[in-house]
Amino acid sequence: MAGTKKLIDENGIRLDGRKWNELRPIKLQVGVMKNADGSAYIEWGKNKIMAAVYGPKEVHPKHQVLPDRALLRCRYHMAPFSVDERKNPAPSRREIEISKVIREALVSAVIVEDYPRTAIEVWVEVLQSDGGSRVAGITAASLALADAGINMRDLVVGCSCGLIGEQVVSDLDDTEDKEGNGDMPVAIMPNLGLVSLLQVDGVYTRENFQKAFELAIEKGKQIYQMQREALTTRFFGGEAQSTEVEEAAE
Amino acid sequence: MAGTKKLIDENGIRLDGRKWNELRPIKLQVGVMKNADGSAYIEWGKNKIMAAVYGPKEVHPKHQVLPDRALLRCRYHMAPFSVDERKNPAPSRREIEISKVIREALVSAVIVEDYPRTAIEVWVEVLQSDGGSRVAGITAASLALADAGINMRDLVVGCSCGLIGEQVVSDLDDTEDKEGNGDMPVAIMPNLGLVSLLQVDGVYTRENFQKAFELAIEKGKQIYQMQREALTTRFFGGEAQSTEVEEAAE
Amino acid sequence: MAGTKKLIDENGIRLDGRKWNELRPIKLQVGVMKNADGSAYIEWGKNKIMAAVYGPKEVHPKHQVLPDRALLRCRYHMAPFSVDERKNPAPSRREIEISKVIREALVSAVIVEDYPRTAIEVWVEVLQSDGGSRVAGITAASLALADAGINMRDLVVGCSCGLIGEQVVSDLDDTEDKEGNGDMPVAIMPNLGLVSLLQVDGVYTRENFQKAFELAIEKGKQIYQMQREALTTRFFGGEAQSTEVEEAAE
Amino acid sequence: MMKKNHVVESITKERMVQLLASGKRLDGRALDQPRNLNIETGVIPKANGSARVTLGNTLVLAGVKIATGIPFPDTPDKGILMVNAEILPMSSPYAEAGPPSEDAIELARVTDRGIRESEMVDMTKLGLIPGKSVIAVFVDCNIMNVDGNLFDATSYAVVSALRTAKMNRYVVKDDKAVATDELIPVPVERTPVSVTIARIGDKLVVDPNSEEEASMDMRITITTDDDGNICASQKGEASTISAEQVLQAADTSISVGKAIRAKILEATS
Amino acid sequence: MMKKNHVVESITKERMVQLLASGKRLDGRALDQPRNLNIETGVIPKANGSARVTLGNTLVLAGVKIATGIPFPDTPDKGILMVNAEILPMSSPYAEAGPPSEDAIELARVTDRGIRESEMVDMTKLGLIPGKSVIAVFVDCNIMNVDGNLFDATSYAVVSALRTAKMNRYVVKDDKAVATDELIPVPVERTPVSVTIARIGDKLVVDPNSEEEASMDMRITITTDDDGNICASQKGEASTISAEQVLQAADTSISVGKAIRAKILEATS
Amino acid sequence: MMKKNHVVESITKERMVQLLASGKRLDGRALDQPRNLNIETGVIPKANGSARVTLGNTLVLAGVKIATGIPFPDTPDKGILMVNAEILPMSSPYAEAGPPSEDAIELARVTDRGIRESEMVDMTKLGLIPGKSVIAVFVDCNIMNVDGNLFDATSYAVVSALRTAKMNRYVVKDDKAVATDELIPVPVERTPVSVTIARIGDKLVVDPNSEEEASMDMRITITTDDDGNICASQKGEASTISAEQVLQAADTSISVGKAIRAKILEATS
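Chains as they are written, first to last, in our numbering: chain A, 1 to 250; chain B, 251 to 500; chain C, 501 to 750; chain D, 751 to 1019; chain E, 1020 to 1288; chain F, 1289 to 1557.
Heads up, some of the hints might be wrong.
Pulled a few chain A residues facing chain D out of the computed Cβ check, cut under 8 Å [unchecked claim]:
(1) 93
(2) 96
(3) 107
(4) 111
(5) 114
(6) 115
(7) 191
(8) 194
(9) 205
(10) 209
(11) 231
(12) 235
Covered stretches of chain C, as calculated for chain E (at least 3 residues, CB under 8 Å) [as the list claims (entries may be wrong)]:
(13) 533-540
(14) 576-586
Calculated directly from the structure, the hints in this document are not laboratory data. Built from N, CA and C at the ideal position, the CB exists for glycine as well.
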C-alpha cells in the first residue's frame, strides 16, 4: 500500500495506461477442446484460462445423485507454472473456496431441473494467472456450458472492480490487486439483472462500495457483449475463432 | 525426573496443595449441547472437555453395519488451543490410539445388542488439556451416553493414578504426568466391579502397581458418586446445572 | 560416473569378483509363509525379498470387478530399513511406478480368464534392497503365484543388464547401478519367448542395446532353471527348502 | 451444507414466507433483528486469548495461540495471522469427522478476510527481526453447535478472542527474538463486525437460524468496520441477489453491525 | 482386528472353553505357556540392527536405522526414539494396504511405551550437541505373518534388534557432529519383556494365537523389566477384566517374562 | 487407463487389424508415421520456459519454473530437476480430479528418465554453492486433451520448454547465491526424443491415437538421443513383446526420432 502513488498517476492513468474505468484486453474462444462436451478459452490481461464442461453424465458415487436436478461440480485449479513462484499442484484452501463460489455463481444460471440424476462437470484451469482470475474463469465457464448445449437461463459474466487509494477502478491486474486497496469480484446474469457472485476485499466507504459494485455490473454487461460475439463466431462464424475486443479508451 | 523433589514436599503435600490421595476439583454438567442426542461437560483440574453423543442412527457406509448390534464410534480430539503449543488439528497417532481405548472402555457398558444395525457416535473434544484427559473424557462420555437415553449396563468412570518417585499418588496433573515417574489411567464399571481401561506408563514395583491400581479404582468409585449427582440434577433438578464436588482433604 | 575405472578392472573383473556376464548368487525358497495362499522368498546378491499371493478372492470395492477375468493387484514396497537411509513407509512415486510395471509383467502370464470376477493379490516386500530389486521381485512373485496354484501360461523371470562405461554387464548390484552407466531390467516368459517387462536407463549404442537386452534374456533363462528347481523342491522335495545356485564362473 | 428433510422444509418455508409477508419471523424476531448474542472471554486460560460465543443456539469457541515464526517473503516485517475452523462432528447430525470440509474452509477464509482487510490487528507491530522472525497469531475456531449463521458467530468469537488476547513481549538479543515475562495485548486497532443476511422468498432477514437457512435462497455476509466502512463480503449459496438488495444488505449490515460492535466492545473491554 | 466366520468361531470357542476348564488348550499348551519363540538377529545387514522373530506362526521383522536428528525442544540433550509398525497386507487375508491402521498405530505405540518407560535405551547417551544434534533411533517393524499376539512378537523383535544394533561413534568438531568409523553398540541398559494374556471364558491364557484371539473376550499386555517391575500395560478389546484378574495377570507376566527375557538375552548376547 | 466400450472396440479392432494387414491405418497414416506435431513455445510468459504441443488431438502444456534449492546429499554440486505431470480432468471423459494417478506418475517418471539419462541438461552447470545451494528446475506438464500417446506428446513438450527456457544468472556473494538480472538459457546439451510404438494384432504402429490404444496389446516407448543412442525405454500395458519386435521398435524409434528431433530443433531454435 506504500506504492499507491505509483499505481495511478495525477492524470488518473494507471500503470498499464488504462483509465480508472477501462478493462484490460479480453480475448475469447469457444469450442477449443476436442474431448470436452463444451469449452472456452479466455485471455484477459495476462490471465490465460481454459474452461471445459462434461455432461450431463452419470453420477459417481451414486449416493450423490440428486433426484430432481443435475449435480454441478466445479474445480478451479491453477497450473504450477501459472504464478510467479511455482505452486504445489495439490488444491490449496484458496482454490477450494474459489471452486465453491464459482460453482455457486454458475448453478443458478444452469437449468439443473432439466437434467435430473446427472452430473455436469466444470473444469477451470488457470494456465497463467493475473488479477481477476476467478471472474475470468466464470466468464469462460459459462461459455463452455453454453458450448456444451446445456440449458441455461442466462450467461454468467464476471468482472472485478476495486480501490486504488480511494479511487474506484475497474478490473484490477495482479499488481493492483496486491498493492491496491481493495478488490471486489462480481458475477452477474446480465439479462436477468441478478448478481450470482460477490466477494469483497479492502475497506470501502458506503459510497465507494456502491460505486465499485455498480461499475463491476456495468463492465460485466460490456463483457457480456464479447461473450455473445464469441458464441456467434462459434456457432455461425466457423470453428473456434477468437473474439478479441479491445475497448476504445473512453 | 530431576524435579521429583519439587513435586511433593517432605509433608507429602503436592505442588497444588493436594495430599497423595486427593483428587483435583471436578465439575460435571449433563445435557449442555442443543443438537446432540446426549452431552456432558467436565472440568477436572484444568481439563475442560465436552462429550457429545449421536445415535442410534443409520450406519454409513453400509458395509460397516453390524447385524446383531450397534457400531460404537468414538473420536477423542484435542482442540488446537488446548495445549501449551498449538496442536495441528489433524488427528495425531496419540489421538488415534486414545480414541480406540476410549471406545473399548465404553463399548462393554453399552447394551449394543439393543440397537442392531445402527451406529452410536461418541465425540470427545478436549478444549483444554491437563493430565488425565482420557479418563476425564471417558467419565464425561458415559454421562453423555446416559443423557442420550442409550441403554447401559453401568456407567463408566475413569481415574488415573501414578508415581512421584516411589510414592503412589492419585490423579496426576499435567506437571506430575510429565515430570513424575508413572501414570496409570484406569476406567471401571463401578457397580459391576470391572475394569474396562488400563494403561500403564512408568516403572512400578509389583507392590506399587497394585497400590496405584487399587487407588484408581477407589477414586473412580468416588467420582461415580459425582456422576450420579450430575445425572440426578439433569433429570430431576432442572436443566444443565453443574455438579461441583470439591473433596474434603482427608 | 567418475568412478567407472573402479567398477571393472583391466582384466574385466568387477568389484565383487564377477566377470561381465556373471550373476550374483541367487537363493530361492517357495512356500515360506503360513497365511498366504502362495509365497516365495528370494535372496539375490544383497536383495532379500518376500513375495506373497492371496486369491482368487472376492473383489472389494465391487465396482472394480472385471466380469470376464481376474483383477490382478500388485504392490511393490520397500521396508523402511531396506535401504541405506531410512525410507518413509508411505509409497513413493518410484514404488508406485514399479508396482505398475511388475503387475503388467505378471498379468500376461496369469490365465486371468480362468478366474472371472475375482481378485488376485501379489505383495512384494523388499526387506533389503540391492540393484535389481524389481526383477528379483518379479522372479519371486511368479513363484508365489505358482505356489498359490494359480493357472499360468509360463513363469515370469527377470534379470537386469546394463553398462559399465561401454562394457555390457549382467546383473548390476547397487553400486554398479548407481555409479555405472546404465541399467536395463528385463522380464521374460521363457517358454513362450516373450518379453513382459523392459525398462531402460542409460545411454546405449544400438549395438550395446541389443547386446545388453539379449544378455538379459539369456541370464533370465538361466534363472528360470533355478525357479524350476525351487518349485520341484517345494512340491516334491519337502517343505520350503532353499534352492541355492552359485553359478560357476565362465 | 446439510441434508434436508424436503417435506417438512417445504411446509416450513411456506409458513415462513407467509409470516415474513407481514414482517414476522417464526421465532418472533423482527426481520433485521439478530438473535441473542452472548460472549464470554478468557474461557481457555492455556490459550493466549479465547472466547465462547453463542448466537441463539449456535455455539463457537475460538482460541488464540501465539508463537514466533518466519515471515512470508513478500512481507518480511509483518506478523502472520492464520484463522482456521473446524465444524466439529458433535455440532450437528450432519457434520462429519475428517479433514476440513469445503464449508469449513470457506468459513475460515471469510472470517480471516474480515479481520485482515479491516486491519483489525496491526501486523506491522508483530514484526521482530525483518525477514527472520515475526509473531505468528493462530486463531482456531471450534464450531460446537450449529443452529445457522456460522459466519457471524465465528467472526464474533475470533474478534472477541483477539481483543482480549495477551502475548509475551519479545526483545531482540544477539539477533534472536527472546520472550520476556511481560504480557501485553495483541495490537488490535479495529473491530470488524460481520452481519449475515438471508433472502427467504423476497425478504431479507438478519442472522438466519438453521430453520431459516434450510428455507433461504441466498445468503450474504457483509463485514463493516468502526467507521461503517465495508471491509469484506461473501455472497453464498446457489442463488442470486439483485443489485438493489445488495445495497439494502449493505445498509442493514452497517446499522446492525453498529449495535453488535457495541456489545462486543462491552464484553471485551 | 479381523473379520470372523461366526459359525466356525462359536463352535471353536465352545470346544476351547470346555478344554480350558480342564486346564488344556486346543494346541496342547498349558495356560501360562507361550508358543515357541525363535529369534534371529542381524538378518538385515543394511540396518544398524535387525531381528526376525517367530512366535508360533506369527512372524515379525524389526529393523533399526540410526541417523542424526534435531532434539525435541523439551529434551535438548536426549536422543530420539521412534517405533513404527506396518501390518503388511501379506500378513493375513484380512490385512489391507494403505496408511497405518488404528491397530498398527496402537501396536507401535504400546511397543514404544515398553521400550521407553523401562528406560531400555539410555537416551542421555544419545545426545550430541545440546539443542542442536542428537542421535535418532528409528525402529520399523514389518508384521509379515499374523497368527495372534502381535504385541509380544513385535516387542521381542524390537528389543532384540536394539540389543544387537551397532552405530557409528560420533565426535563433535567445530560444533558439528561427525560420524567416525568406529562402531559401538546402542546404549541398552534394560530388557523389557511384554507378556500378553487373553481371557477366554473365565480363564486367562498366555500368548493367544489367532484362533484364541477370535474367541477371547479380553486381552491385556503387561511389560516387565529385569527387576520384575511393571513398566507398561495395555488392556485391549471391547471387554472388561476384574481387578483380581489384573493382579493375576501381573504375576503371570512377571514369571513368564523372566523365562522369555532369558531367551532374548541368550539370542542377543 | 480408460474405461472402454467393449462392443464398439471389438468391431473397431477387427477393422483396424484388417487394414493393418494391408499396411494402412484407420486414419490413413503409414505404420511408422506419427501424427501432425505442432510446437508453440513461450506461451506462458510467467514461466521460465513453456511449450504447447499438439500431437494429433493430444494436447500438452509444459511449463518450467526455476528457483534455488538445496542439493541432494549424494550430488552436492549438481542441480535438481523435477518432472511432474497432471492428467487434467478436462482432458478426457475418463480422467478424474484428485492426487496423481498411477498413470500420471508413470508418465512423469518415464519423461523424466528420458531427459535425465540423455543428460539433456548439464546438471553440473546448475550447482551454485556445493552442498548448500543449487538451481532447481521444475517442469510441470498439464495434459489438457487426451487422444493417445501421452508419453511422446509430454516428452516433446518438456524438451521444447527446457530448450527455450531462460533463467537468471546467479552469482555467489558472501556464501549466498544471488540472482542477477541477466537472463541466460538453461544449459541444454542434448535433445532426447521419445517414440512410442503400439502393437495391434502383430503389427507395430508408431504414435497410436486413442482409438488405436483401445485396440493395442502392447506399447513400448523408446527414447533416443542426437547420436541415435537409446537412452530410455518403457514397455507398457498388460501384454508381451517378442525380442525381435523390441529390436525392430528400437530401429523405428531411431529413424522416426531423427525426423521429430529436426522438428523440435526447428521449433525451439
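### Query
When the hints from earlier in the document are held up against this structure, which numbers fail?
4, 5, 6, 7, 11 and 12
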